[in-house]
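What follows is the residue order along each chain.
Protein chains: 2
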Amino acid sequence: MPKPDVNQTVPAGAAPASPNLKIVLVSPRNPLNIGAAARAMSNFGFFELRLVNPYQVAFREAKSAVKALGVLADALEFPTVAAAVADCGLVVGTTSTGPRVLEHPLRRLEYGGKLIARKMAAAPVAILFGSEKFGLSNEDISHCHWLMRIPTRDAHASMNLGQAVAVCLYEIARSPAAARIAPESKRAAAAADVERITASLENVLARSGYVHTRTEGSTQMKIRRLVRRMNLNAHDGEVWLGMLRQILWKLEH
Amino acid sequence: MPKPDVNQTVPAGAAPASPNLKIVLVSPRNPLNIGAAARAMSNFGFFELRLVNPYQVAFREAKSAVKALGVLADALEFPTVAAAVADCGLVVGTTSTGPRVLEHPLRRLEYGGKLIARKMAAAPVAILFGSEKFGLSNEDISHCHWLMRIPTRDAHASMNLGQAVAVCLYEIARSPAAARIAPESKRAAAAADVERITASLENVLARSGYVHTRTEGSTQMKIRRLVRRMNLNAHDGEVWLGMLRQILWKLEH
Numbered sequence: 001m002p003k004p005d006v007n008q009t010v011p012a013g014a015a016p017a018s019p020n021l022k023i024v025l026v027s028p029r030n031p032l033n034i035g036a037a038a039r040a041m042s043n044f045g046f047f048e049l050r051l052v053n054p055y056q057v058a059f060r061e062a063k064s065a066v067k068a069l070g071v072l073a074d075a076l077e078f079p080t081v082a083a084a085v086a087d088c089g090l091v092v093g094t095t096s097t098g099p100r101v102l103e104h105p106l107r108r109l110e111y112g113g114k115l116i117a118r119k120m121a122a123a124p125v126a127i128l129f130g131s132e133k134f135g136l137s138n139e140d141i142s143h144c145h146w147l148m149r150i151p152t153r154d155a156h157a158s159m160n161l162g163q164a165v166a167v168c169l170y171e172i173a174r175s176p177a178a179a180r181i182a183p184e185s186k187r188a189a190a191a192a193d194v195e196r197i198t199a200s201l202e203n204v205l206a207r208s209g210y211v212h213t214r215t216e217g218s219t220q221m222k223i224r225r226l227v228r229r230m231n232l233n234a235h236d237g238e239v240w241l242g243m244l245r246q247i248l249w250k251l252e253h
Numbered sequence: 254m255p256k257p258d259v260n261q262t263v264p265a266g267a268a269p270a271s272p273n274l275k276i277v278l279v280s281p282r283n284p285l286n287i288g289a290a291a292r293a294m295s296n297f298g299f300f301e302l303r304l305v306n307p308y309q310v311a312f313r314e315a316k317s318a319v320k321a322l323g324v325l326a327d328a329l330e331f332p333t334v335a336a337a338v339a340d341c342g343l344v345v346g347t348t349s350t351g352p353r354v355l356e357h358p359l360r361r362l363e364y365g366g367k368l369i370a371r372k373m374a375a376a377p378v379a380i381l382f383g384s385e386k387f388g389l390s391n392e393d394i395s396h397c398h399w400l401m402r403i404p405t406r407d408a409h410a411s412m413n414l415g416q417a418v419a420v421c422l423y424e425i426a427r428s429p430a431a432a433r434i435a436p437e438s439k440r441a442a443a444a445a446d447v448e449r450i451t452a453s454l455e456n457v458l459a460r461s462g463y464v465h466t467r468t469e470g471s472t473q474m475k476i477r478r479l480v481r482r483m484n485l486n487a488h489d490g491e492v493w494l495g496m497l498r499q500i501l502w503k504l505e506h
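Protein chains in written order, with our numbering: chain A, 1 to 253; chain B, 254 to 506.
Be a bit skeptical, because a hint or two may be false.
As the list claims (entries may be wrong) - In the DSS-like style, the derived pairs of lysine-lysine whose C-alpha atoms are separated by at most 25 Å in a straight line are:
no., chain 1, residue 1, chain 2, residue 2
1, B, 386, A, 63
2, B, 316, A, 133
3, B, 316, B, 367
If you are wondering where the hints come from, they were derived from the structure by calculation, not from laboratory data. Remember, predicted model here, so these are calculated numbers, not experimental data.
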């Protein structure tokens, strides 16, 4: 029995949706970014969007957009960061800059995402994203337990808000198991079928004058190896056999 | 010596930029998405953007946007998928739908990203993204070696194009090492300082009438444990000591 294969048998999403993750946008200005954040949340199975002091026109526009999602309709508005994170056991701020002169630990997303996923099992967790232009203020950051950084390159560290939310949620939802397990390919063609293909190909090549009597033996083995290297699956094996038989028939008539 | 800490000492991006990765957008329609794809590429250190049959108005608009990047200025245009991937040793198509009746293996991003990163070391690799509305066509997919899927939830699988590009590039750029290594926290406060804080707090509490003579012994130990649970770093230890001494001075005068 082949091992169950996360990549083939669960190709569809298996994101561990959790009501314990709160995405908090602080002073967002652009309705497209608010909408994009909501869409990424829905994609990865997180539904609690909170906005702190959003630019009202942007919030209204995002909500009234044609494809506005439930996430957006249910979004809660708060006057301050303190109010938005009041129920959370862990508050994480995102930043694109290097370490500031702050007493906060700065963690890369690969590691921070793991800590968040673990904490989420026990208590509500908030991830804060600052405004498009200024990011989080020092006052915003003082409400955080630690800071998290997406590993972008120094020369262009700042990500688009909607894309940053998507990448953070992907890291939290991604499955390390899916990365480890090698996907089974389609059911491989049986050796007998591969050998039938080899024989048919040899026949075709002999009929075509490709194989010289002098080198027949070594050519045969070259062809056998060549056909094995195709790594045929059962379906493609049948297709090849059909094609070769047809060619052979044509060559013989 | 503490171990070097990827999360603290390399908080800034360490994305393995590679000229071998080609991002191919097939028939994109929205200039904002073309721009967002280019931005994510620049963020994660990939610079070869290729467009197949883009909607010309969208391409022009994206290029002329105020914040258009070098990635976009250098983008190449091709009439067909075949032409766009001609130099590539591996061609991967992205899809948000489940397995189609196609002979192509479908791999989750967690695993597919690893295969791509490995292949990139040896040969150019193309990742194809379909149009916003229709995704890749069966004809587009026939040029691919296999298909890749971001693990979104079934009920809302389809991602925004710019966000999908960002998430795929993040997976390829992310460092498994950074996920494994536990970040060192700031230099912890020395036990002697923690004990000084404990003594000061006890003093303050005694002066304030918080500690009753009857329970003094057990309170002392409770306070000692309480202070240890603060996990103070050296800097915060000094701050606490200063605050407590000031309070004590005020209580005594």
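Does the structure keep residue 386 of chain B and residue 63 of chain A at a Cα separation of 25 Å or less? holds, 22 Å
Could you grab the alpha-carbon distance between residue 316 of chain B and residue 367 of chain B and see if it respects the 25 Å cut-off? Violated. Residue 316 of chain B to residue 367 of chain B sits at ~32 Å, over the 25 Å cutoff.
Between the alpha carbons of residue 316 of chain B and residue 133 of chain A, is the straight-line distance 25 Å or under? holds, 21 Å
The structure shown violates just one earlier hint, number 3.
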